[in-house]
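Q: Counted from 1, the sequence shown has number 213 at position 217 by this note's numbering; the numbering is strictly sequential.
Hints are computed from structural coordinates only; laboratory data are not their basis.
Even glycine gets a Cβ: it sits at the ideal position worked out from N, Cα and C.
Check the hints yourself; a few may be wrong.
[To be verified] Taking lysine to aspartate or glutamate and the DMTMM-like style, the derived pairs with C-alpha atoms no more than 20 Å apart in a straight line are:
| # | residue 1 | residue 2 |
| --- | --- | --- |
| 1 | K100 | E137 |
| 2 | K204 | D239 |
| 3 | K204 | E278 |
| 4 | K204 | E228 |
[What the hints assert, rightly or not] Taking CB as the label site, the calculated pair distances span:
| # | residue 1 | residue 2 | range |
| --- | --- | --- | --- |
| 5 | T76 | G133 | 34 to 40 Å |
| 6 | L339 | S97 | 33 to 39 Å |
| 7 | L251 | H164 | 20 to 26 Å |
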Amino acid sequence: MEINEQEVLQVPENKNNNHKILVSPQPPALRVGHYLPTLIFLGLAVHLVLPQLASVESSLQVIRTMALWAVLLAAVAETTSYIGYGYLINSILAIVNQQLSILKGAGITLAAASMGMLAGGTLGNAAATYSWVRKSGVSAEGSGLAGTLPTIFNNAILTLLAAAGIVHLLLAHELSTIQFYAFLLILSILSFGVATVSWGRNHRARFKTVALGIASSFARLLRRPFTPTSTENSVNRLFTALDILHDGGWQFPALLAAFSIGFDALTLYLFFIAAGHPVGLEVLLIGYGLPLLFGKMAFVVPGGVGVVESTMIALYTGLGVPSSVAVVVVLGYRVFSFWIPTLVGFPIAFYLQRK
């Protein structure tokens, strides 16, 4: 909670009351509200993953017979995906006539993702990207675009895949009741977010006021200090990015974002090949887009850990993939696409911060 300095000078007798408010414990309802989203997502993950535990022995057999060459190609595909993000950042900077080396862009992507997992999620990722690109000599405008546009492109592509996947599963009657409502909630949140941002672009002052109010409420709920400047800067960078998209020049960066996501999906497909159970493109993409988007919505769980894996396994099993194969493929994919990049990103973040 912030205390305005002028208010303190004018009403000194309220100091004791303010102190009591700061040190008094949160009401039980607020404490429950703080943990409720985490419990909901973890509960859903447990519900989805428990039925797969019986296939552990069969999964070990799948691991023993996996094709090593396909696993190695999966590593190459995931590396290519992250290099693609380096090209993506450089192409975004080219919009404002600036540049950054491809490898440094890829390194910043890895490091920012690791930092976002520790604090702030997508916002933490964007802030870290902005900071490190700015330290590389890029203007504030270019750094803001580099921190904002990749997330917009990635989420837009995943949303399209998720929407197509949900329509297919609904038509095929392959969604359980809990999955149906979970994915419906995700699409509703995304639709509301898109509508809100579209409205805010034409009512910027009011949007910023609402954003500051929401951020302040979250800070009080989490008992953390609130810095209005940080929220204002994030909103300003968002609108700058939207203005760039509106003016054109976004097609090539969007194509590069699709390129990186495509190679990430190829990593997953190569694990299916390695496990001796190749799947069609339709099945691959249905089981790919929905869980990753679900993990992004589960912002209370760092990196969507557990949520992505359990949802992906449940979907592929429902689409006809043997559970033993689904467990091995999904966990192998997540090791290559999430855990290894996260571990690699931490020392890169340390280097970039010290530089």
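Q: Hint by hint, note whether the structure agrees.
A: Now the hints, each set against the structure:
The suggested pairing of K100 with E137 holds, with an alpha-carbon distance near 18 Å, which does not exceed 20 Å. Annotation: proposed proximity of K204 to D239 holds, straight-line Cα distance about 16 Å (limit 20 Å). For the hint pairing K204 with E278, the CA-to-CA distance comes to about 41 Å; that exceeds 20 Å, so the pair is violated. A C-alpha spacing of about 7 Å is found between K204 and E228, which places the hinted pair at or below 20 Å, so the restraint holds.
For the hinted restraint 34 to 40 Å between T76 and G133, the CB-CB distance of approximately 27 Å leaves it violated. For L339 and S97, the Cβ-Cβ distance of about 23 Å falls outside the hinted range of 33 to 39 Å, so the restraint is violated. Roughly 25 Å separates the CB atoms of L251 and H164, a value that falls within the hinted 20 to 26 Å.
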